[in-house]
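Bring the two chains, given one by one in their own frames, into a single complex with the hints.
For reference, the chains in residue letters:
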Amino acid sequence: MKYTEEHEWLREEDGLIVVGITEHASEQLGDVVFVELPEEGTEVTKDEDICVIESVKAASDILAPLDGEIVEVNEGIVDEPGKVNDDPMGDAWFFKMKPSDLSPMDDYMDEAAYKAFIG
Amino acid sequence: MAELKRTPLYDLHIELGAKMVPFAGYEMPVQYPLGVMKEHLHTRAEAGLFDVSHMGQVILRGAGVAERFERLVPQDVIGLKEGRQRYGFFTNDAGGIEDDLMFANRGDHLLVVVNAACKEADVARMRAALEPEAEVVEITDRALLALQGPGAEAALAVLAPEVAQMKFMDVATLSLNGVDCWLSRSGYTGEDGFEISVPAEAAVELSQILLSDARVEAIGLGARNSLRLEAGLCLYGNDIDAGTSPVDAALSWGIQKVRRKGGARAGGFPGEERIFHELENGAAKKRVGLAPEGRAPMREGTALFAAEEGGAAVGHVTSGAFGPSLGAPMAMGYVPTAMSKIGTRLFGELRGKRLPVTVAELPFVPAGFKR
Chain D
1 MKYTEEHEWL REEDGLIVVG ITEHASEQLG DVVFVELPEE GTEVTKDEDI
51 CVIESVKAAS DILAPLDGEI VEVNEGIVDE PGKVNDDPMG DAWFFKMKPS
101 DLSPMDDYMD EAAYKAFIG
Chain H
1001 MAELKRTPLY DLHIELGAKM VPFAGYEMPV QYPLGVMKEH LHTRAEAGLF
1051 DVSHMGQVIL RGAGVAERFE RLVPQDVIGL KEGRQRYGFF TNDAGGIEDD
1101 LMFANRGDHL LVVVNAACKE ADVARMRAAL EPEAEVVEIT DRALLALQGP
1151 GAEAALAVLA PEVAQMKFMD VATLSLNGVD CWLSRSGYTG EDGFEISVPA
1201 EAAVELSQIL LSDARVEAIG LGARNSLRLE AGLCLYGNDI DAGTSPVDAA
1251 LSWGIQKVRR KGGARAGGFP GEERIFHELE NGAAKKRVGL APEGRAPMRE
1301 GTALFAAEEG GAAVGHVTSG AFGPSLGAPM AMGYVPTAMS KIGTRLFGEL
1351 RGKRLPVTVA ELPFVPAGFK R
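Those protein sequence lines, which keep their order, are chains D and H.
My numbering puts the first sequence at residues 1 to 119.
My numbering puts the second sequence at residues 1001 to 1371.
Excised from the complex, chain H in its bound form (with noise of 0.2 Å):
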C-alpha cells in the first residue's frame, strides 16, 4: 500500500488527541477526544472546525475556459456570476457521475472543489478538456478547512467582519490574520458555515485561533458523516458512483435548465443522451432517503425488500449511520422509482431479519443555509 499522506494539519490534530485513519489516501482525524456523538451536536448548536485539506483545489484559467468546463459537466458554467459558487458533477459517456464537485466564478478564474479519492482522474479530465488552451493548476499549497455550525458566522467575523455580508454558496477573497484567504459560504454539513483555503504554512495558526474560540470545536470525520447524511447529502463512492446518473441520484435540480433539451445551451456534456432520457422519462431506481423503524442501523449493503418474507432484494442502502440529531437511524439507498414514493414500506435485512423501514423525505435535518 502507498504511504499515506498528510496534511498541513497532522501535527494538530495529535496534538488535539485526534484518533487517525486512513481516508482516501490520508492519514484523517476521524474523532477528537469529545467523540463523534458530541462532536456532532456541538457542530449543530454552536460552530466545528473540519480539516478538508484533502480534497483537491483546481484552478482553471484562461480563453474560454467556462466553455470548455461546460464540456465535463451538466451545470451551467457560463452563467455563474463573478462571486458565486454551484454544486456540480463530473458525467461519464454512460451518463454515470464520475465525481461530485463545487466550482466557483472568482473573476479571472474558476476554482473547482473535488473529492480526494476522485481529484488526480479528475485532474487529468480537466487538463484533457482545457489545455492547451486555458490552464489548469491543482493548488498543493494550500490546506482547506471548513467552519460550520449556526455560530461559524460569529466566530469568523471576529478575524474579518465582512463574512457576516456573504449570502449561501458566496464566494471572496478575505484577509484572515494577515493572510489572503479563498472563502465560500458552504459546507456539508446541512449547517450554515464557511470554507476556507488558506495557504499552508499559516493553516496551523488560522486553525489554532479559530479553535480558541469558545464556540469553535475541532470536529473529525465520524462527525462530518452522520452530519452529511442527516442532511441529506451524498457521498461520492457510498451513495452516487460511474454507474449511477444524476436522475437515478436524485440530482436532477443539479442541472440547470440552460443545458437541458431546448435549453440555450443544451447538451453537450458527456452522457447527455441517458440524462436527457431520464429526466424526460424518469430512471428505473431513484436515490431515497431511508428512515429504519426501530434503533437499530441500517448500514451500507443492507439489502432491501419490499415484503417482510420471500422475494428477491429490490435496493440496497449506500449510506447508514445513526442521527445523532435526529435521534434515530437513518439511511440512504436505491430502491426501484415504483418504491420511491415517501411512505412506502420496505424492509432493510440486519442479520437474517427483515426489519421495517420507511421511504422518508430528505434531508432528515433541516438545513440551516444563510440565503
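Bound-form chain D, shown alone (with noise of 0.2 Å):
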C-alpha cells in the first residue's frame, strides 16, 4: 500500500491501481454527504482532479494519483457516500485505474512514512 500527500491509499491489485481516501483523511472530512466519481473508461492524467466529496463541512478533490485509464468506479460510495466513514481503507474504494506510467508510484509513501507525514 502506497500513500500519497494527498491522503489518498493505492494498492496494487491484479495489474490495476485501487484508490480510496485514508482513514486521517476521512476523520478530517467528517460526515462525507455526497461523492461524485468520473466515468469509466476516462483517461486522466496525474493531479488532475477527477473526484468530487463533500462532507456536512466543505467539499474537496480528489487528484489522479497516476497517469493512466478508469477501468471501474465504485458506485455503493455515490450511493451511500456515509460508507466513505464507515470503512475508508476497505469498502469504500473511490476507483480502479489501469496506470501507462507507474514510475511515481516510488515517489508515493509507505504506511510508515504517511503515518508519520500525518503526526
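Simulated from the structure, these hints should not be mistaken for laboratory data.
Check the hints yourself; a few may be wrong.
Each computed DSS-like pair below joins lysine-lysine, with the alpha-carbon atoms no more than 25 Å apart [claimed, not checked]:
id	chain 1	residue 1	chain 2	residue 2
1	H	Lys1038	D	Lys83
2	D	Lys57	H	Lys1038
3	D	Lys57	H	Lys1353
4	H	Lys1353	D	Lys46
5	D	Lys57	D	Lys98
6	D	Lys83	H	Lys1019
7	H	Lys1081	D	Lys57
8	D	Lys115	H	Lys1019
9	H	Lys1370	H	Lys1167
10	D	Lys57	H	Lys1370
11	H	Lys1167	H	Lys1081
Negatives, chain H to chain D, calculated, CB over 12 Å [unchecked claim]:
id	residue
12	Glu1039
13	Glu1131
14	Val1158
15	Leu1233
16	Lys1257
17	Phe1322
Remember, predicted model here, so these are calculated numbers, not experimental data.
Glycine included, C-beta positions come from ideal geometry on N, C-alpha and C.
Below, the structure written as C-alpha cells:
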C-alpha cells in the first residue's frame, strides 16, 4: 500500500491500482454526504481533479495519482456516501485505474512514512 | 486580527473534545466527537445542548422603553404582553436589515438577544435611540444556553417542573440548580426547546447537569447550521443583510398589522418608505427554499440560472448544506420574484455544470414547537 500527500491510498490488485482516501482524511472531512466519480473509460492525467467529495463541512477534490485509464468506479459510495466514513480503507474504495506510468509510485509514501507525515 | 473571545463554557468544550473554530470573534465549538451528522439527528430525536453565549443579551429599562424601541424595529413592541417573546429585526433607512433578534417583555424591562457579529453596532443603535431617558445594559456576566429537541422539556423539568407550563415564545425567570435563570421557550433549530440565560459562574455546572441526562448531548455550530437551515431560518450575514429588506427576505410575517400602513402605529421605523412600498407591490427578489435534484450540495455563492444553457445568473444561493434529517441537500437563496413560485425549476452552477434545482417550500423539515 502506498500513500500520497493528498491523503489517498493506492493498492495494487491484478495489475490495476485501486485508489481510496485514508482513514485520517475521512476523519478530517467529517460525515461525507456526496461523492462524484469519473466515468469508467476516462483517460486521466496525474494531479487532475477527477472526483468530488463533499462532507457536512466542505467540498474537496480527489486527484488522479497516476496517468492512466479509469476502469471501474465504486457506485456503492455514490449511493451511500457515509461508507467513506465507515470503511475508507476497504469497502469504500473510489476507483480502479490501469496506469500508463507507474514511476510516481516510487515517490509515494509507505505506511510508516505516511504515519509520520500526518503526525 | 483581534484575539478571539471565549465563552464561560470554553474549558468544558475542550474537556468534551470539541473542535473549536473562530466564529463572530469567539472561539466556538463547531462539533464534538459525535460529529455534525449525529449531533443534528440527536437534536431532532432527543435533545441537544448548545452554547450560544456569544450572542448579545441586552436589557432595556426605563421610561417609554417599548415606544422608543419601536423606532428601531417594525414590530409591535408595545402590544407584546408580559411574559412573551417576539422575533424582530433592526432596519436601516434604506429598508435593509441591520440584524435580526428576539425581544421579550419581562415586566419592568425588555430583554433583547442579538447576533454576536452585530452586537456592538446593535448596542450603539439602542443607546442612541433610548438614552438618556431609558437605560441600555449589555449583559456580560451571563452565559446563554439553548436546550433543543423533543426531549428538552423532560430534561429541563427535572430541574424545574414549571417549564412544562411554558408555551412557545413564553419567557420566565426560574431557579435551575438553585440559580435564577432567564428562560424562553424558543430556539433556532425548528425544534421545541428553551434558551437559558444563566450567570456565568453557574453555567458550567448547569451544563454538566443537563449533559448528565441520558437524553442530552452537546451540539456544535455545525449541526446548529444544518438544523436552522432545515427549519428555513435565516442566518444573518448570509441570508439577510443590510441590503435585503424584510419583504425580499420573506419575513413580512414578522411585521405586525399595527405597524403597517393603516395600523394604529403605522411606520415610525427606519426604511418605512421602501418597506411599505414592497409590502404593497412586492419586491423585485425573494428569498426561497431550494431543493437540488441530485445529491450534490449547492453551497453559499452558487449562481442560479433560469436555463440549462446561456443567459446571465438570475440569483444565488445564500446558505446551502446537506440536510441530515431531510436526507438530501437543501439551500436558500434569492431569485427574481417572478421565479419564486414553489416548483419553479432553476439551475445551480456547480464546478462549471448547471444542475437542476427546484424552488421548495420552507421549512424543509416541519417545526416541532409547543404552541
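Structure-based check of each hint:
no., hint, in the structure
1, H:Lys1038 to D:Lys83, "15 Å, holds"
2, D:Lys57 to H:Lys1038, "14 Å, holds"
3, D:Lys57 to H:Lys1353, "21 Å, holds"
4, H:Lys1353 to D:Lys46, "23 Å, holds"
5, D:Lys57 to D:Lys98, "32 Å, violated"
6, D:Lys83 to H:Lys1019, "23 Å, holds"
7, H:Lys1081 to D:Lys57, "41 Å, violated"
8, D:Lys115 to H:Lys1019, "22 Å, holds"
9, H:Lys1370 to H:Lys1167, "6 Å, holds"
10, D:Lys57 to H:Lys1370, "31 Å, violated"
11, H:Lys1167 to H:Lys1081, "14 Å, holds"
12, Glu1039, "10 Å, violated"
13, Glu1131, "43 Å, holds"
14, Val1158, "31 Å, holds"
15, Leu1233, "18 Å, holds"
16, Lys1257, "41 Å, holds"
17, Phe1322, "4 Å, violated"
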